Amino acid sequence: MKIAVTGVTGYIGICFAKWAISEGHEIVALSRRRPELVVCDWIPYELSSKQPLALPIDTDAVLHLAMSKSPIDQQDGAQEVLAAELLIEAAKKASAKFIFVSSQTARPDAPTAYGRIKWRIEQDVLSAGGWVVRPGQVYGGMFRGLFGELVKLVQRLPVLPAFMPAPKVQPIHVDDLAAGLLRIAECADIRPGVLCLASPEPVSFTAFLHTIARSRLRLRRCFLPVPALIISTGIRLLGEPFRTRMGLERLRSLFDLPVMNTASDLQRLGLQLRPLPSGMHPAGSARRRHLLVEGHALLSYVLRAQPGNAMLGRYVRAIEKLRGGGILVLPKSFVWWSALLALIDRGNCTETTWGKEFRWRLDAATVLAEASPLGARLFLGMGKHYGFMGSLFGMARAIAFEASWRVLSMLFIPITRIALPRTLPERQ
Amino acid sequence: MKPDFDIIIVGSGPAGVSAAFPLVDAGLRVLMVDGGKQSGVLPPEADFISARTNDIEQWKWMVGEDFHALKKRDAVSPKLRVPSHAYAFEEFEARNHVVGKNFITVGSLATGGLSNAWGCGVARFSAKEMANFPFPASELDVSYAKVSQRMGISGRVDDDMSDYFGLDKYSQPPIPMDALHTHLSQRYLNHRNKLNSQGFRLGRSRVAVLSEDIAGRQACNLSGNCLWGCRRHSMYSSTDDLPGLRKHENFSELSGFVVDGLTRHDGNWNVEGQTTSGGERRSITASKIVLAAGTLATTRIVLKTLNHRRPVPLLSCPTAAFLLWLPRLLGAPRMPGFGLGQLSFSLGLQGNTAAFGSTFATTGIPLSEFVRHVPLRRRYGIDLLRGLLSSCVVGNVFLPGHLTAAEAELQSDASLSVTGKYCNAVVPLMDEAAKKLRKAYWSLGAVLLPGSFTVGHPGGDIHYAGTLPMRESPSLGETSQRGEVEGLDGVFVVDGACLPTLTEKSHTLTMMANADRIGRQLVALFGYKSLHS
Numbered sequence: 001m002k003i004a005v006t007g008v009t010g011y012i013g014i015c016f017a018k019w020a021i022s023e024g025h026e027i028v029a030l031s032r033r034r035p036e037l038v039v040c041d042w043i044p045y046e047l048s049s050k051q052p053l054a055l056p057i058d059t060d061a062v063l064h065l066a067m068s069k070s071p072i073d074q075q076d077g078a079q080e081v082l083a084a085e086l087l088i089e090a091a092k093k094a095s096a097k098f099i100f101v102s103s104q105t106a107r108p109d110a111p112t113a114y115g116r117i118k119w120r121i122e123q124d125v126l127s128a129g130g131w132v133v134r135p136g137q138v139y140g141g142m143f144r145g146l147f148g149e150l151v152k153l154v155q156r157l158p159v160l161p162a163f164m165p166a167p168k169v170q171p172i173h174v175d176d177l178a179a180g181l182l183r184i185a186e187c188a189d190i191r192p193g194v195l196c197l198a199s200p201e202p203v204s205f206t207a208f209l210h211t212i213a214r215s216r217l218r219l220r221r222c223f224l225p226v227p228a229l230i231i232s233t234g235i236r237l238l239g240e241p242f243r244t245r246m247g248l249e250r251l252r253s254l255f256d257l258p259v260m261n262t263a264s265d266l267q268r269l270g271l272q273l274r275p276l277p278s279g280m281h282p283a284g285s286a287r288r289r290h291l292l293v294e295g296h297a298l299l300s301y302v303l304r305a306q307p308g309n310a311m312l313g314r315y316v317r318a319i320e321k322l323r324g325g326g327i328l329v330l331p332k333s334f335v336w337w338s339a340l341l342a343l344i345d346r347g348n349c350t351e352t353t354w355g356k357e358f359r360w361r362l363d364a365a366t367v368l369a370e371a372s373p374l375g376a377r378l379f380l381g382m383g384k385h386y387g388f389m390g391s392l393f394g395m396a397r398a399i400a401f402e403a404s405w406r407v408l409s410m411l412f413i414p415i416t417r418i419a420l421p422r423t424l425p426e427r428q
Numbered sequence: 429m430k431p432d433f434d435i436i437i438v439g440s441g442p443a444g445v446s447a448a449f450p451l452v453d454a455g456l457r458v459l460m461v462d463g464g465k466q467s468g469v470l471p472p473e474a475d476f477i478s479a480r481t482n483d484i485e486q487w488k489w490m491v492g493e494d495f496h497a498l499k500k501r502d503a504v505s506p507k508l509r510v511p512s513h514a515y516a517f518e519e520f521e522a523r524n525h526v527v528g529k530n531f532i533t534v535g536s537l538a539t540g541g542l543s544n545a546w547g548c549g550v551a552r553f554s555a556k557e558m559a560n561f562p563f564p565a566s567e568l569d570v571s572y573a574k575v576s577q578r579m580g581i582s583g584r585v586d587d588d589m590s591d592y593f594g595l596d597k598y599s600q601p602p603i604p605m606d607a608l609h610t611h612l613s614q615r616y617l618n619h620r621n622k623l624n625s626q627g628f629r630l631g632r633s634r635v636a637v638l639s640e641d642i643a644g645r646q647a648c649n650l651s652g653n654c655l656w657g658c659r660r661h662s663m664y665s666s667t668d669d670l671p672g673l674r675k676h677e678n679f680s681e682l683s684g685f686v687v688d689g690l691t692r693h694d695g696n697w698n699v700e701g702q703t704t705s706g707g708e709r710r711s712i713t714a715s716k717i718v719l720a721a722g723t724l725a726t727t728r729i730v731l732k733t734l735n736h737r738r739p740v741p742l743l744s745c746p747t748a749a750f751l752l753w754l755p756r757l758l759g760a761p762r763m764p765g766f767g768l769g770q771l772s773f774s775l776g777l778q779g780n781t782a783a784f785g786s787t788f789a790t791t792g793i794p795l796s797e798f799v800r801h802v803p804l805r806r807r808y809g810i811d812l813l814r815g816l817l818s819s820c821v822v823g824n825v826f827l828p829g830h831l832t833a834a835e836a837e838l839q840s841d842a843s844l845s846v847t848g849k850y851c852n853a854v855v856p857l858m859d860e861a862a863k864k865l866r867k868a869y870w871s872l873g874a875v876l877l878p879g880s881f882t883v884g885h886p887g888g889d890i891h892y893a894g895t896l897p898m899r900e901s902p903s904l905g906e907t908s909q910r911g912e913v914e915g916l917d918g919v920f921v922v923d924g925a926c927l928p929t930l931t932e933k934s935h936t937l938t939m940m941a942n943a944d945r946i947g948r949q950l951v952a953l954f955g956y957k958s959l960h961s
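For the record, the sequence lines run as chains A and B. Here my numbering is used: the first residue of the first sequence is 1, the next is one more, and so on. Here my numbering is used: the first residue of the second sequence is 429, the next is one more, and so on.
Note that these hints are calculated values from the structure, not bench results. Since the model is a prediction, treat every value here as computed from it, not as a measurement. Ideal Cβ placement from N, Cα and C applies to all residues, glycine included. Some hints here could point you the wrong way.
Said to hold, decoys possible - To list a few chain B residues with every Cβ distance to chain A over 12 angstroms, as calculated:
1) Ser590
2) His885
3) Pro902
What the hints assert, rightly or not - Mimicking DSSO-like on lysine-lysine, the simulated pairs with C-alpha atoms at most 27 angstroms apart in a straight line are:
4) B/Lys863 / A/Lys321
5) B/Lys507 / B/Lys529
6) A/Lys332 / A/Lys321
7) B/Lys849 / B/Lys499
8) B/Lys622 / B/Lys864
9) B/Lys500 / A/Lys321
10) A/Lys2 / A/Lys50
11) A/Lys152 / A/Lys168
12) A/Lys384 / B/Lys574
13) B/Lys488 / A/Lys321
14) B/Lys622 / B/Lys430
15) A/Lys356 / B/Lys507
16) B/Lys507 / B/Lys488
17) B/Lys500 / B/Lys488
18) B/Lys622 / A/Lys321
19) A/Lys356 / B/Lys500
20) B/Lys529 / A/Lys356
21) B/Lys529 / B/Lys849
22) A/Lys356 / B/Lys622
Claimed, not checked - A few chain B residues that don't get close to chain A, going by computed Cβ distances all over 10 angstroms:
23) Gly759
24) Thr781
25) Leu804
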């Protein structure tokens, strides 16, 4: 497919273009300058232009992401609407789908000009038979957009406000949003209309900031309760021009966010969103981190020593290459005290799918642990002479420990039965 | 029309090169084609113990950068998990359309075939064992001598297995044994008469591994890397014979070409196949074809060309493995040493059945191969084996090939389906073997560890033979005494497929000697005078 995109150098635009290209599509950038981060065709384009635009005739879809950088006043607003109309016109001429990325705040009586203008453009798009996407709080990937500003804020301030009552946001990872937008462009059976894309379960803004601090920045942050009513009244009293200049409009939108019902739209697109703490991880997923933690537990159980980064990396790569990269979800206690794995090493769980996978991974960890100088010391006894008595004692000790763990694991059967998963998690 | 070549040999494994030498020496225009897989992972440079102690990159040859050892976790033999041997086995079944049903099918598309990763066991079939061969046993004498000397065999010593192997005339001295095997062999001398009366004979293994340098190959230096690959080329691989063939101008090679059929054209044969790289189809003509693609691949080519849809019998040796513990040597330090068979035994069983086996050091084998089977928690399994294994040796047992009831059958989609199971007699025979070995080794101061005697899966021996047996008067699907396929004049089978008998002994040398014999007969057929006659 050939997809023309405005705002391709922006936060969502880059992610979308990279994803679409990796899926085999062709991107035509409509931007002021040739994009540097993505390899694609380029048509010079100004959002402030009043001239009609000509798109390549084989364009299949137009994705309109661009918006004016500066705070919006009435005049800019009119220009944004005109720009959208010109784009809709160009898309019509090329018989291309038109997809407009709007905002959760879009409504006719929105407290901000931004929300009201987005709503006006939405109306134009809908009447032209186009698609409108209202994303929730976009996060993840690069520090850009509102997400980038929030990250910088959390980085800078040791104490963060916890508004009472807390406003709710509905997060969506930027890559999930990109995937959703591409699906709209690709699928012929998705009817035109408004699609709300965000987590169906809102989280409090405080929790969102907390996740940024913990999962993305690995920082501890204190939260100071601040009554939301006082802030919103204060902002309202300042008057719109002043608010716009101070950049407080966004804060005002935050207090006024409507809850979107997204479950049905996500289902229509067949889109499954990653959980917030996982998506907040720099890699866009905590899966790898969980795999490292799992590898650390298994390898240090086998080796009785720290496995080292290179070996851990090999474990993760092996699981990704040969087992699809899913995680085992080991109970926390086994992760903290890997010696406890002796409770479940044999017997208790071998029948379940989880148990079989656990055995495979324990075998893999054994093979990887052995193939190292550290492994040679442990497995072959290199670097130490045990002698007849030493070996005999070592063997007797191993059997004595085995016997004790057998007794312990029998006693713990009721607990391990409950604590251990029986199947593998479907999506991670 | 003059064909491209006098003879095309399909396969560059031990059988292919053995047939090639007499043909090339006689001046015939010979083309050798093979799957062309080449090794990609280098075995360790230092000896096994030093490499394990110091090499931080050892995972590359132990596990493989593509995690080959983990990928092949369920393969029957540790050899199939070794990254440096991966190329020897890869894609064989897919490209040759061989499907094993409850039967392990292994073959090779590599230059040098399965000899890239074999156990190097060699033995000569006795006249009695060759009773079913459609020619006198003496006809193989010259070939046994020639092939043995070319390969380089070690183990010459006057012991209880000298006659059994029958190779001392052509052998180099044995490779030194490790402390465990020395102990076993000394104890054997003390209990020899008693053990012989029980049908147990023990002696040095005769192996195609050099104890003295020969042309371009170095003698074994006890590096202990036998499982991982020998940089000194001490272990015979038929790739070592290729330089000798390449010296001749009348010898050509086409590597990376998988043959899938033969067609007759103007009194000549077309070898049809596909290149492995581009999948390009090619057809090459010769007046005669020699098939040495390995028993399974050769069988498929023949059955397909004959359009023979009835199942043909397949011989394969039932196997077992066991672990012996020498308590006197508990705590012996790990030493580098020879990793293949050091001592071999023959064992008489019920009904005149004979079993054969060898014992090996455990040092060069990863401990993870053993610990998986130990009924202990992983940590304590490792602790136990660390103490135990340095005083253990592993052993294997082979029974004669007719004790596996297996068949190969050409399917409607032109694939070769191999099915089979052990005959009912195998369970009692293996029980008897376990009992007798336990008793015999007990006299030698070794304990056959309880639970360690494990019978392998059918086909796991990778000794396949007898699908197209040589007969005095062959019927369809059989071969003549010179390996010529009945119904396909000018197509000769020289690999395991044409052996009418598969004994408990290692059959590779006999297969090679027979290939050499057929090669000589082909020379005569062309009216050339063999330079070696």
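So, going through the hints one by one against the coordinates:
no.	hint	result
1	Ser590	holds (35 angstroms)
2	His885	holds (19 angstroms)
3	Pro902	holds (47 angstroms)
4	B/Lys863 / A/Lys321	violated (44 angstroms)
5	B/Lys507 / B/Lys529	holds (21 angstroms)
6	A/Lys332 / A/Lys321	holds (25 angstroms)
7	B/Lys849 / B/Lys499	holds (26 angstroms)
8	B/Lys622 / B/Lys864	holds (12 angstroms)
9	B/Lys500 / A/Lys321	holds (13 angstroms)
10	A/Lys2 / A/Lys50	holds (24 angstroms)
11	A/Lys152 / A/Lys168	holds (20 angstroms)
12	A/Lys384 / B/Lys574	violated (48 angstroms)
13	B/Lys488 / A/Lys321	holds (16 angstroms)
14	B/Lys622 / B/Lys430	violated (66 angstroms)
15	A/Lys356 / B/Lys507	holds (24 angstroms)
16	B/Lys507 / B/Lys488	holds (15 angstroms)
17	B/Lys500 / B/Lys488	holds (15 angstroms)
18	B/Lys622 / A/Lys321	violated (56 angstroms)
19	A/Lys356 / B/Lys500	holds (16 angstroms)
20	B/Lys529 / A/Lys356	holds (24 angstroms)
21	B/Lys529 / B/Lys849	holds (10 angstroms)
22	A/Lys356 / B/Lys622	violated (48 angstroms)
23	Gly759	violated (4 angstroms)
24	Thr781	holds (36 angstroms)
25	Leu804	violated (5 angstroms)
Violated hints, in rising order: 4, 12, 14, 18, 22, 23 and 25; the structure is consistent with all others.
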